[in-house]
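A.B. asks: So the chains spell out like this:
Protein chains: 2
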Amino acid sequence: MKIALAQQNYHIGNFESNTQKIIEAAEAAKAKGADLIVFSELSVCGYPARDFLEFDDFIKKCRQAVETIAGHSKDIGIIVGAPERNPVKDGKDLFNSAWFLYDGKVHAVVHKTLLPTYDVFDEYRYFEPAWEWNIVEFKGKKIALTICEDIWNLGNNPLYRICPMDKLMGFNPDFMINISASPFDYTHDEDRKAVIKANVEKYGIPMFYCNAVGSQTEIVFDGGSYAFDKHANLCGSLPLFREDMQIFTLNDDGSMAEPVLETADRLPAYELDPHHLDANLNLAQIYDALVLGIHDYFKKMGFRQAIVASSGGIDSAVTLALAVEALGNQNVRAVLMPSQFSTEHSVDDAVQLSKNLNNPYDIVPIKDIFDSFTHSLKPIFGDLPFNVAEENIQSRTRGNLVMAIANKFNYILLNTSNKSELATGYGTLYGDMAGGLGVLGDCYKLQVYALARYINRNKEIIPENIITKAPSAELRPGQKDSDSLPEYHILDPLLYQYIERRMGPNEIKSFGFDPALVDRVLRMVNLNEYKRNQFCPIIRISPKAFGVGRRVPIVGKYLT
Amino acid sequence: MKIALAQQNYHIGNFESNTQKIIEAAEAAKAKGADLIVFSELSVCGYPARDFLEFDDFIKKCRQAVETIAGHSKDIGIIVGAPERNPVKDGKDLFNSAWFLYDGKVHAVVHKTLLPTYDVFDEYRYFEPAWEWNIVEFKGKKIALTICEDIWNLGNNPLYRICPMDKLMGFNPDFMINISASPFDYTHDEDRKAVIKANVEKYGIPMFYCNAVGSQTEIVFDGGSYAFDKHANLCGSLPLFREDMQIFTLNDDGSMAEPVLETADRLPAYELDPHHLDANLNLAQIYDALVLGIHDYFKKMGFRQAIVASSGGIDSAVTLALAVEALGNQNVRAVLMPSQFSTEHSVDDAVQLSKNLNNPYDIVPIKDIFDSFTHSLKPIFGDLPFNVAEENIQSRTRGNLVMAIANKFNYILLNTSNKSELATGYGTLYGDMAGGLGVLGDCYKLQVYALARYINRNKEIIPENIITKAPSAELRPGQKDSDSLPEYHILDPLLYQYIERRMGPNEIKSFGFDPALVDRVLRMVNLNEYKRNQFCPIIRISPKAFGVGRRVPIVGKYLT
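Protein chains in written order, with my numbering: chain A, 16 to 575; chain B, 16 to 575.
Keep in mind that the hints were calculated from the coordinates and are not lab data. There's no promise every hint is true.
[What the hints assert, rightly or not] Restricting the straight-line Cα-Cα distance to at most 27 Å, the calculated cross-link-like pairs of lysine-lysine (BS3-like) are:
#, chain 1, residue 1, chain 2, residue 2
1, B, Lys423, A, Lys314
2, A, Lys423, B, Lys314
3, A, Lys474, A, Lys370
4, B, Lys370, A, Lys393
5, A, Lys104, B, Lys212
6, A, Lys546, B, Lys370
7, B, Lys17, A, Lys423
8, B, Lys212, A, Lys572
9, A, Lys182, B, Lys423
10, B, Lys212, A, Lys546
11, A, Lys382, B, Lys423
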């Protein structure tokens, strides 16, 4: 049997373009002799459609799209993902379903059993889990068809009390198909391959796995669809971060016509170790994910041009380089907004960066505007000393300036805040925290440095001085990040233990961090939830990004 | 048996204050001869604790608090809410549990079965549902103890496939106790009373219902704990929006010693009808909820003083009046920031408002700052005409000014945006959309007018001219809201159908709205999700507020 895997980049709610893309691939696969083509989870509407799923109108449009696609299944089986209504009165009204279309009709519908409801996932908000299971018969073969999480219930601490593949094995299926929308993080491709392989080893039948690709606001789907034969040999691998379609030939004995692929050794488990940053980071994958995240945000929002506040610091430099890669150098405008506290090298470095990238830039000094603010506030402020209020006026003046240029010329402001700053609240709301998309908000400062080195791997794009100088917000004379924050090689691993690993204060102290520092840092993280709550979406590259996947009370008193 | 209901206002993660509050009430109830005292759901840690529940350290602290409280249960039964670990390997690691403490020990633990995972609720993110049920025996009585949602699975379209009270009835319980954290909206107290009564009528035994009170960032818990005898007579009712403890005497025959309370007729089902706004709005409840929402946000965040940008318009006027009620007139500072486009009456009206409220105010004109922005941008903007860029500069200059004063003197900025503006994107990010708490973000413009009339019910607090003049952002000469938006008496009911009732475009058109207008408005709502995503928490008064309870893709193309 010839089975095609099509990993595609969908646009949530854009039924017209999604349907067209699916039909084109089905026609192409049919022309190449495929018996069956497999698309990813909820492909018809895009994943995650979130509360659009609560609109009856939206569900009707999903169903119409499925019927349109079914019309193209005359000589090829087509598996697409779409919600299906629950016919039973009790329980949630929808299932997350795989639709097997053939011969112009709906041949079978299978529902998802395990509904991820953690991190960025909210599936039980919308869907009822399947409570009965059956295989799909097609051309004399019995197919165990599952959806994403359904194959992830292996291991030590399963999240669910049911294992749908165990149920399906009672029907003696010939092979497995899993349709997924499984997002990227810097360890996920390795985890995914291991889980698929573990399923094949456990059940002893081949597996065809089709994942989505493309970025949906903050969540990057990385593709990486796979085909394993019954001996758990990897026989097919679709690329990461781009669309592709490949056809595999499954023999009756559970082997495949395709040669077995070499698989690289698994990378060691990721830990944020400042002494081995480059070694244990999938830097190339992170870079590709960030570029795709920027690209798809603009494309799907209907935007073309980005603007970046370019300070001469490393965060804006890396953001600018990523944006140029994603959108093209002429579509990214840098704005340099020096104040009286900016050092000379800041402007020089930022200018050199834009010269290296060959992207347009402007210089708009903020001193006059800052002075007019302090003059207008003089009757209220009197002779009170310069403090964080005046620092924030500068940052918010820059925010206002860059947004004004964005509004005038239709740019979207890319935010440059990194995860270390966002964690500790080291940023100004409506100032440097402004922007439509947070490019580096899931990258700790040490990871930003590693990205800068990666960007410079072939030639100097980011001027060396930007990488080597001490980081500073330059909002008062001689200011350095280290006046307010611990050194990043201590701060970042500490934050990693708290945020990614959810370690408590006692556990983190037991790892050897200074106890007073642990208390101070965790307090900063929790106190600044109110700032992060107003932050823009952040391209997610880690297993625990700020934003939709991390839901922390603002009004709380835990570790504060 | 004497049963005390204690509805209390908890602080999430503040184990010390929560525990102390619980122990004090238990001691007081014991002194008054109570056999049993009942506290609300997850009372020990506060509800919703959200991702704090993912920290082992947090769960340990919950358990320690339970043990501390158990030490005070020598002569009184105490029911508190706290998470409990799931001893089974498979499934989520926690239960949402009711702990029955007595004689210094844990007497019984009961787990929640129905886990609300919709709107603002995310319980399946953290908890495993109960899969076995038992009653609690205490002083010769059998108690059916359930948690919040467990009693809500009645009616036409139940969200769950199990009804835990049906299971418990197999043990012939003598009465029911339900511990809840059930948040306010303007119809919820009526709904809640009806559901409790329906349970009593269905099962024929008395019910003691204890709800939480107090605001947690955006979610207001309104109390309203109730006691019903076995004949479904209301015998006890705790107040809305404030802490209280009352003791009821349950007789062996299922009657109560307390007299039966008169119950008012149920209000008609709420629909946003512009012609009958005052009649079908629970205005007094909405007012109380907003005041409590402001008060608790400040108290729990450790803040004392608010600042409001007072424009002379109705939104800022109502916000200011609510803030003065919540925090005291001397703790609320108004800042008037007229521009060259402000009409004379704007400043006069705002000054009169602050005179009526007797709260401090300042006037800071923005013309000079605005001019310095346009001057600095002249090399980039050239002779391009005045447009939304210059409008936004004004709004963001005000945001910067009011935040500077807030930063200098430790105020928290209250945001004044209403739900109609937020829905349509009629506001400036980092300008009038700035603030720490959205006071009116869940009130449509028509509801804001109704609130103004309510605030003026005894004397004129909000100057009449503020209520009667045409609304305007005053960012260009002669600007009116109606230049960009439909009239509010059309817009608000249309938005209500889409947002609260989740009607699709065809359904809304079928209600008689102009089809082109429906398409235009729904497009505005969906296109502006990116703005609302950066907005501060909004005090929730409706069944569907923007914010944590409404999760819509930013990058999508549905109805746009």
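A.B. asks: Each hint: holds or not?
C.D. replies: Here's how the hints hold up against the structure:
1. With a C-alpha separation of about 41 Å, the suggested pair Lys423 of chain B and Lys314 of chain A falls outside the 27 Å cut-off, and the hint is violated.
2. Among the hinted pairs, Lys423 of chain A with Lys314 of chain B is inconsistent with the structure: their alpha-carbon atoms are about 41 Å apart, more than 27 Å.
3. Distance check on the hinted pair: Lys474 of chain A and Lys370 of chain A sit about 14 Å apart at the alpha-carbon level, within 27 Å; holds.
4. Straight-line distance between C-alpha atoms of Lys370 of chain B and Lys393 of chain A comes to about 24 Å, which keeps the hinted pair within the 27 Å bound.
5. Simply put, Lys104 of chain A and Lys212 of chain B have alpha-carbon atoms about 23 Å apart, close enough for the 27 Å limit, and the pair holds.
6. For the hint pairing Lys546 of chain A with Lys370 of chain B, the CA-to-CA distance comes to about 33 Å; that exceeds 27 Å, so the pair is violated.
7. For the hint linking Lys17 of chain B to Lys423 of chain A, the alpha-carbon distance of about 70 Å lies beyond 27 Å, and the restraint is violated.
8. Under the criterion of a C-alpha separation no larger than 27 Å, the hint pairing Lys212 of chain B with Lys572 of chain A is inconsistent with the structure, at around 36 Å.
9. Distance restraint check for Lys182 of chain A and Lys423 of chain B: the Cα-Cα separation of roughly 64 Å exceeds the 27 Å cut-off, and the hinted pair is therefore not satisfied.
10. Distance check on the hinted pair: Lys212 of chain B and Lys546 of chain A sit about 43 Å apart at the alpha-carbon level, beyond 27 Å; violated.
11. A hinted pair counts as satisfied when its Cα atoms are at most 27 Å apart, and Lys382 of chain A with Lys423 of chain B qualifies at roughly 20 Å.
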